[in-house]
Amino acid sequence: QVQLVQSGAEVKKPGASVKVSCKASGYTFTSYDINWVRQATGQGLEWMGWMNPNSGNTGYAQKFQGRVTMTRNTSIRTAYMELNSLRSEDTAVYYCAREPPDGSGSFYNWGQGTLVTVSS
Amino acid sequence: DIVMTQTPLSSPVTLGQPASISCRSSQSLVHSDGNTYLSWLQQRPGQPPRLLIKKISDRFSGVPDRFSGSGAGTDFTLKISRVEAEDVGVYYCMQATQFPLTFGGGTKVEIK
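Residue numbers (our numbering), protein chains in the order written: chain A, 1 to 120; chain B, 121 to 232.
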């Protein structure tokens, strides 16, 4: 079955960077886009951007432009999201989600989430 | 950015009774390709979100038929025909018609 397995929780200091991984299985990795969505504790969902694992093309929400980078390694079926210049407001659970390449925003499957805590 | 507004914030429901959640967008969600990219997600406590409905009313694989979506333009509704205990959680609408993708604030469904 389709699975997206994310890397473990991280604790970072303000100003540092974090790189979260999302390993895919059960489907053709390059046939579906990967989106990243975050959720602060007790809060709603916030879309960060998407990546096409086949081409490597990306699109980022304006809010994260210049601070986020989404990449992939197709040989190990893994997508990555790196966020730089971390601040306390970046403390959240980060999710990857699989989307068909039709731009429908239908997030078929989600990873289990990775808690990133930013604290001095 | 398109603002998605959900009502109510919270919906206490008796088991077996219906529930309804409204989602309104700040502008039409009809895409230039003619599709309306409005989805509904369910997030059970401690779990990642799960896709229920895509493109207004298209139930995703494995989703019980007690869930249904309707609407057009800027006004959309998710209905649960008979609430079961496993339906407890927060429900979000999401638009993908225009970047950035945006979510409603969520509606908490709980059992009375």
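Any given hint could be a false lead.
Stated by the list, open to error - Straight-line alpha carbon distances no greater than 30 Å define the calculated DSBU-like cross-link-like pairs of lysine-lysine that follow:
hint, chain 1, residue 1, chain 2, residue 2
1, A, K23, B, K175
2, B, K175, A, K63
3, A, K13, A, K23
4, A, K63, B, K228
Source of the hints: derived by calculation from the structure; they are not laboratory data. Small disclaimer: the values here were computed from a predicted structure and weren't measured.
Each hint tested on the structure:
1. A/K23 / B/K175: 27 Å, holds
2. B/K175 / A/K63: 26 Å, holds
3. A/K13 / A/K23: Between A/K13 and A/K23 the Cα gap is close to 25 Å, so the pair holds against 30 Å.
4. A/K63 / B/K228: Cα-Cα ~27 Å, so holds.
Comparing the model with each numbered hint stated earlier shows that all of them hold.
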